[in-house]
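Number of protein chains: 4
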Amino acid sequence: MIKIGIYGATGYTGLELLKLLQRHPAAEIVWLTSENSAGQQFGDVFTVPPAIGKHALVASAAADLSAVDLVFCCLPHAVSLEPVARARAAGVKVIDLSADYRLKDPAIYEKTYNHAHTQRELLAQAVYGLPELHRAEIAGASLVANPGCYPTSVILGLAPLAHAGWLAGTVISDSKSGISGAGRSPSLKTHFVEANENVSPYNIGRVHRHLPEMEQELGNICKSANQQAGEWKIVFSPHLTPISRGMLSTIYVALPEDVSEAGVRAAYEAKYADEPLVYMLKPGQVATMGHTTNTNSCAIGLTFVPGTRTLIVTSSIDNLGKGASGAAVQNMNVMLGFAETTGLM
Amino acid sequence: MIKIGIYGATGYTGLELLKLLQRHPAAEIVWLTSENSAGQQFGDVFTVPPAIGKHALVASAAADLSAVDLVFCCLPHAVSLEPVARARAAGVKVIDLSADYRLKDPAIYEKTYNHAHTQRELLAQAVYGLPELHRAEIAGASLVANPGCYPTSVILGLAPLAHAGWLAGTVISDSKSGISGAGRSPSLKTHFVEANENVSPYNIGRVHRHLPEMEQELGNICKSANQQAGEWKIVFSPHLTPISRGMLSTIYVALPEDVSEAGVRAAYEAKYADEPLVYMLKPGQVATMGHTTNTNSCAIGLTFVPGTRTLIVTSSIDNLGKGASGAAVQNMNVMLGFAETTGLM
Amino acid sequence: MIKIGIYGATGYTGLELLKLLQRHPAAEIVWLTSENSAGQQFGDVFTVPPAIGKHALVASAAADLSAVDLVFCCLPHAVSLEPVARARAAGVKVIDLSADYRLKDPAIYEKTYNHAHTQRELLAQAVYGLPELHRAEIAGASLVANPGCYPTSVILGLAPLAHAGWLAGTVISDSKSGISGAGRSPSLKTHFVEANENVSPYNIGRVHRHLPEMEQELGNICKSANQQAGEWKIVFSPHLTPISRGMLSTIYVALPEDVSEAGVRAAYEAKYADEPLVYMLKPGQVATMGHTTNTNSCAIGLTFVPGTRTLIVTSSIDNLGKGASGAAVQNMNVMLGFAETTGLM
Amino acid sequence: MIKIGIYGATGYTGLELLKLLQRHPAAEIVWLTSENSAGQQFGDVFTVPPAIGKHALVASAAADLSAVDLVFCCLPHAVSLEPVARARAAGVKVIDLSADYRLKDPAIYEKTYNHAHTQRELLAQAVYGLPELHRAEIAGASLVANPGCYPTSVILGLAPLAHAGWLAGTVISDSKSGISGAGRSPSLKTHFVEANENVSPYNIGRVHRHLPEMEQELGNICKSANQQAGEWKIVFSPHLTPISRGMLSTIYVALPEDVSEAGVRAAYEAKYADEPLVYMLKPGQVATMGHTTNTNSCAIGLTFVPGTRTLIVTSSIDNLGKGASGAAVQNMNVMLGFAETTGLM
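Residue numbers (the numbering used here), protein chains in the order written: chain A, 488 to 832; chain B, 488 to 832; chain C, 488 to 832; chain D, 488 to 832.
A couple of the hints might just be wrong.
You can't tell identical chains apart in this list, so a pair holds if it fits in one copy or across any two.
Straight-line Cα separation of at most 30 Å, DSBU-like style, residue types lysine-lysine; simulated pairs [to be verified]:
hint, residue 1, residue 2
1, Lys-758, Lys-541
2, Lys-598, Lys-506
3, Lys-720, Lys-676
4, Lys-769, Lys-676
5, Lys-506, Lys-541
6, Lys-769, Lys-598
7, Lys-676, Lys-506
8, Lys-769, Lys-541
None of these hints come from the bench; they were simulated from the model. A quick note: this is a predicted structure, and the numbers were derived from the prediction, not measured.
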């Protein structure tokens, strides 16, 4: 059994992680931390059955790193930096669900998150935790930076085009998210009456915090396809929708002149044919949020607009599944040599 | 034109009031107060069209009582006590949407709200603002205490039985409310992900703050029917439902042996036949929230359970309409001699 | 008083129309038709207060055209053709909410709706009912074709650009609609469990039925700006969202090189400054569905993506308000010489 | 591996069953039937990942009973009668999710469902599939009648009182259900716009079809406690709420004079202490739908109303989990000797 600790367990990613790990045959929860709810049980914070609710919550200072093999860090960005470093210093493997170890260039991190990156050496060792792009590195990693939900839906939706060198011009991702993506801290934005019966674009047209992740990962792929920087850029428009969990990116790409519909479809099929948690929809089908709700999969549909060069990629994930905690367990499975979908199907 | 001020305009009852008054042919908004948003416009706080959004928000200290004829007070309980008194001292008529002037007995107020009642003389002058019970008094009043939403649905649902002296034993009101009833301050309870896909009983089995209002008003009616105190009591169970606005009380009453179905129905029809904002559903129909959403009416259905003495009263209001701001405008119309439904249909 | 009949009153546009007309000081409902519910009252079909529910439903064959001045036709496309013609033959003014009289070219109608256009002479007299584009013609018209909801949100969102001759290349409208836009006939698509907790693109990448309307109206404006056909095209992607009523179009436009942000904003401000039912949001604001829910207005926000030529127009309407029945009453007001927003604010 | 067939797989209980069985280590799906969708794949009917979607749908006439060990029957009531009989005649074990084999008295079945019971001999062999009441009989059964969702929430909520002989007078169950309980066939009742932003009582005050199940099972327990028939009766009021899946029964019981709060709590604790899928909430807690959403458990809270004899039992299940498909898998586990919660946690 793998002994597991979770930092910052009382948010939605912590809850989902606990539900997934409870089903995992080789995972044993050793401790859960919460600064605000230390001394309580998990069931005092969430309405969950006793099997999950019985776990005690402790302050992170009381979490014994020598008692665990692997730590999931579900703390907010910037707050994750130190606990991750402490866990690594204690020789514990780490999967960090924050943004703190995702961006390879600390200058971009600092500009994006407006916070100094205090762990640059560790950052160099971190692997971006998207197995569909970095499986081999994840298998050998001790620190994995779990991707953001928006980047997962966009990167998986565009990776086959990037590999083929077919990304060009302005790529538009009109993305829709459920409210759990905004976290559990109460705010006017997440108030039921404000979010219900509403669809709200937010942070559109600016450099959204998730954009550098997309550019880093898709940019790396493009380099391997000998595409110059600046040949393409992403306009990213997130929208809040009145849904608890789910995410859909509707992505608009202007295909190069010499690329055929069949060629594009073949590129996607080839890329994802053997992936256990990404699947292509049939021609004529579009991805909806419902394709992946309460799953750990990504569903992708391709629609070619007649009489134009426009390809519409619809990419659906559950923001708490393949967009966060499901991906974290997938990464754990890859790091520890379990079958990749253990506990995830 | 009647010149109007609103204290505490940036909650849901303030928003609804403003929408209703905008349609009212004789109402002119002079000022709106907000301590937190003073200096901003109403449209900076809510996503509303410019006709409503253009109004300035001022601190209550800057609100000129000499410039208005009537004030609506949308502040929380306990906070309303002083502003209402100041407005009355300035000779301004007041409709208070808080609980501060609803309970005739200050001792019950103080026990229920855990706060001293500092305006006992004024309390003696206040009229409980349910025109269906107190129309004549409201017409002559300078201070009207607008009823709570739950009490409105329950009192209107039971008043004809009380008048007839038919309330007896344990009356159960299983009430369901939309989330706007919980106010606009963000909390875990009103967080979209917590409230969505959920129905939650809360404060059941205890003396809910709204119970004394029901007992006071129904008790007064019963006294007129020569019913002793203690012959009936209400068990009141509020539930939060994933709805922005709406309220439904499903009320279970054990009818006395000698009362016929036809007699009960006749009593309700007689009581509400001439009421412009309460209507009886036909036999076989039950009230649903949908009957009154976005209206200022109350819809009542009667269902007799075969083979038992049980009457099920279904009573539906919009918690922001007849349950709050709609009732406040109805009271204004009665106080000022306008047709009672002006601006409300 | 204007005497009014409504054909096909038992859908959501009929319900909304009735609610709006009830508040209109000069409108008198004379008859409502329904083939399926003839003989019943409106209140047997919808949970509405008696003031609306009391109206009788008659078969269209029993609807006396000599008793009315104006008819709203809320029938489905193709079904509207004949009743509109009969009403016109009887000298009654008509506002048709179907698509039957919107497209000037009957060949495009027949291809789009797969149905012969049997009233070509009448079609020539019909005016497209968007007062913001055709106010003067509507004022003199006897037959007005009320626009579709999607076209309203997109045309109003792009008209100022078209006027200025700034539409170019591929314009993408990623549009989100509430479920009432799909009508009241039960289907799997509108089943609560299928639509709830879901966002679904549909009919994307094909020639959606609403696209020709957008092309006709924007194309006419462009011609006046001396733009050639083919210089721009719209990719239109409708999405179903779990909302009863509301519509948001997020529209992506690549601006010409020589156009400034200030110039674009000035063009929109100039176009809509005097419009009573279209309003521009301030710089930095984006339109959300919530801006227009339960209103008859259109709210428009402009966002310029730094470092690109991309303008994001967010255009919000209530699909049953400015997107259907609210626009129909606006058209009635213009046709009959009432103040344009009578009954609509 | 246990070879499994499912009759009527394309409803919500079939979908949920398939998801649960996919996780079950000993279950192998052999065939799924659908008369309407025969020839298609499951993924053509639901938006599910390929692991589930790949299953073929066949007409029931083509379903080979000799190839399976156990059949789940997810057909509507009355339609289940014959297929269950055929499966039993072929020696296949059956778990029937319809109402056809739940009521021991065929006369009550025929009156309740208005349909002749054509399989009376088989009915005599059927076991009511609530393991918390009939575990031993289920273990030896070949035909199990899976309980209805409403009866499960009410029976589990009242069984400890019935065992103790403490049921008396009029017991009121005000029950709230998600829309999936109404099935997948489109209807006005399940139309998104009708169900959303609404709470609707339905079939209240009449003998709801689920009432005889409650009376049969609770009556049998009461007999063992020497309670006479007629000493208690249930008033059952179901409500539709705008939720995809979930169920909450708020049950009001007048306790006998000589029963203490501690005694009642002890009776519940004793009854459910060892149950793997029923759990008691702590004093002060109430069950909400959220306690059991997407689980196969039942959560029960007890609230004693001060100053009265009223006990409020809050009983929460997921109507598709413990209320249908989860219970069916639990029954399968008991019948076949697997650990009872295999595949269910």
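Verification of the supplied hints:
1. Taking the shortest Cα distances, Lys-758 and Lys-541 sit within 30 Å of each other only across copies (20 Å), while inside one copy they are farther apart (42 Å).
2. In this assembly of identical chains, the alpha carbons of Lys-598 and Lys-506 never lie at most 30 Å apart, being 35 Å within a copy and 43 Å across copies at closest.
3. In this homomeric assembly, Lys-720 and Lys-676 come within 30 Å of each other (Cα to Cα) only inside a single copy, at 29 Å, whereas the closest approach across copies is 35 Å.
4. For the identical chains of this complex, Lys-769 and Lys-676 are inter-copy neighbours only, at 19 Å across copies versus 37 Å inside a copy, given an alpha-carbon limit of 30 Å.
5. Taking the shortest Cα distances, Lys-506 and Lys-541 sit within 30 Å of each other both inside one copy (13 Å) and across copies (26 Å).
6. For the identical chains of this complex, Lys-769 and Lys-598 are inter-copy neighbours only, at 27 Å across copies versus 41 Å inside a copy, given an alpha-carbon limit of 30 Å.
7. Within a single copy, Lys-676 and Lys-506 get their C-alpha atoms as close as 27 Å, and across copies as close as 22 Å, so both meet the 30 Å cut-off.
8. Taking CA atoms no more than 30 Å apart as the test, Lys-769 paired with Lys-541 passes between copies only; the shortest distance there is 12 Å, against 44 Å inside one copy.
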